Amino acid sequence: MGWFSSSKPEVSAATRQDRKQCWESRDLYFECLDRVGVLEAGKEGSACIKQKSQYEENCAKSWIEYFNRRRILAEQQKDLLAQSKMQAQEGKRR
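Numbering (the working numbering), first residue to last: 119 to 212.
None of these hints come from the bench; they were simulated from the model.
Watch out, some of these pointers could steer you wrong.
[Unchecked claim] So the derived label-pair ranges between C-beta atoms look like this:
hint, residue 1, residue 2, range
1, 180, 149, 18 to 28 Å
2, 198, 175, 31 to 41 Å
3, 202, 156, 24 to 34 Å
4, 136, 204, 34 to 44 Å
5, 139, 207, 21 to 31 Å
6, 137, 211, 22 to 32 Å
7, 180, 208, 26 to 36 Å
8, 209, 133, 49 to 59 Å
9, 174, 197, 24 to 34 Å
10, 209, 174, 40 to 50 Å
11, 153, 200, 33 to 43 Å
12, 153, 194, 13 to 23 Å
Keep in mind that this is a model prediction, so the values were computed, not measured.
From the three backbone atoms N, C-alpha and C, an ideal C-beta is built for every residue, glycine too.
With these hints in hand, go ahead and build the complete structure from the sequences.
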């Protein structure tokens with residue numbers, strides 16, 4: 119395949135059903151991670167093998183990377199919000 123080849127790899131857009139299936143498998147996998155107390159996907163060892171394989175099977179790799187990063191960022195945001203609420207309450211007491 120050359121630089122200016124007219125053939126394009128076939129990439130089909132995800133249907134509504136595909137997206138729903140991906141989100142459901144993501145939710146099941148993340149619930150399993152929560153149960154075993156793991157924040158970062160992939161660090162759970164053998165605890166969530168079934169859910170992880172379904173997640174990887176039903177979601178595009180780019181989606182998986184996005185969801186995994188988003189999970190960590192969301193948790194960091196929760197921590198920051200909790201800290202800011204505590205600081206606001208302490209400020210009111212003074």
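**Request:** For the range 49 to 59 Å, tell me whether the beta carbons of residue 209 and residue 133 fit it or not.
**Result:** 50 Å, holds
**Prompt:** Using the C-beta atoms of residue 202 and residue 156, is the stated range 24 to 34 Å upheld?
**Reply:** 26 Å, holds
**Request:** Look at the Cβ atoms of residue 153 and residue 194 and judge whether their distance stays inside 13 to 23 Å.
**Result:** For residue 153 and residue 194 the Cβ distance comes to about 21 Å; the hint holds.
**Request:** Take the C-beta atom of residue 153 and the C-beta atom of residue 200, compute their distance, and say whether it sits inside 33 to 43 Å.
**Result:** Taking Cβ atoms as reference, residue 153 and residue 200 lie about 22 Å apart, which means the hint is violated.
**Prompt:** Is 22 to 32 Å a correct range for the gap between the Cβ atoms of residue 137 and residue 211?
**Reply:** The hint (22 to 32 Å, Cβ to Cβ) is violated, given that residue 137 and residue 211 are roughly 47 Å apart.
**Asked** That 26 to 36 Å hint for residue 180 and residue 208 (C-beta), does it hold up?
**Response** Since residue 180 and residue 208 have Cβ atoms about 42 Å apart, the given range 26 to 36 Å is violated.
**residue 136 paired with residue 204, Cβ distance criterion 34 to 44 Å** = Since residue 136 and residue 204 have Cβ atoms about 42 Å apart, the given range 34 to 44 Å holds.
**Asked** Taking 40 to 50 Å as the hint, is the beta-carbon distance of residue 209 and residue 174 inside that range?
**Response** 46 Å, holds
**Prompt:** Using the C-beta atoms of residue 174 and residue 197, is the stated range 24 to 34 Å upheld?
**Reply:** 28 Å, holds
**Asked** Does the Cβ pair residue 180, residue 149 satisfy 18 to 28 Å?
**Response** Check passed, 22 Å falls within 18 to 28 Å.
**Item:** Pairwise beta carbon distance, residue 139 to residue 207, judged against the given window 21 to 31 Å
**Value:** At roughly 43 Å between Cβ atoms, residue 207 and residue 139 fall outside 21 to 31 Å, so the hint is violated.
**Item:** 31 to 41 Å as the expected CB spacing between residue 175 and residue 198, which holds or is violated
**Value:** 34 Å, holds
Checked against the numbered hints above, the structure violates hints 5, 6, 7, 11; every other hint is satisfied.
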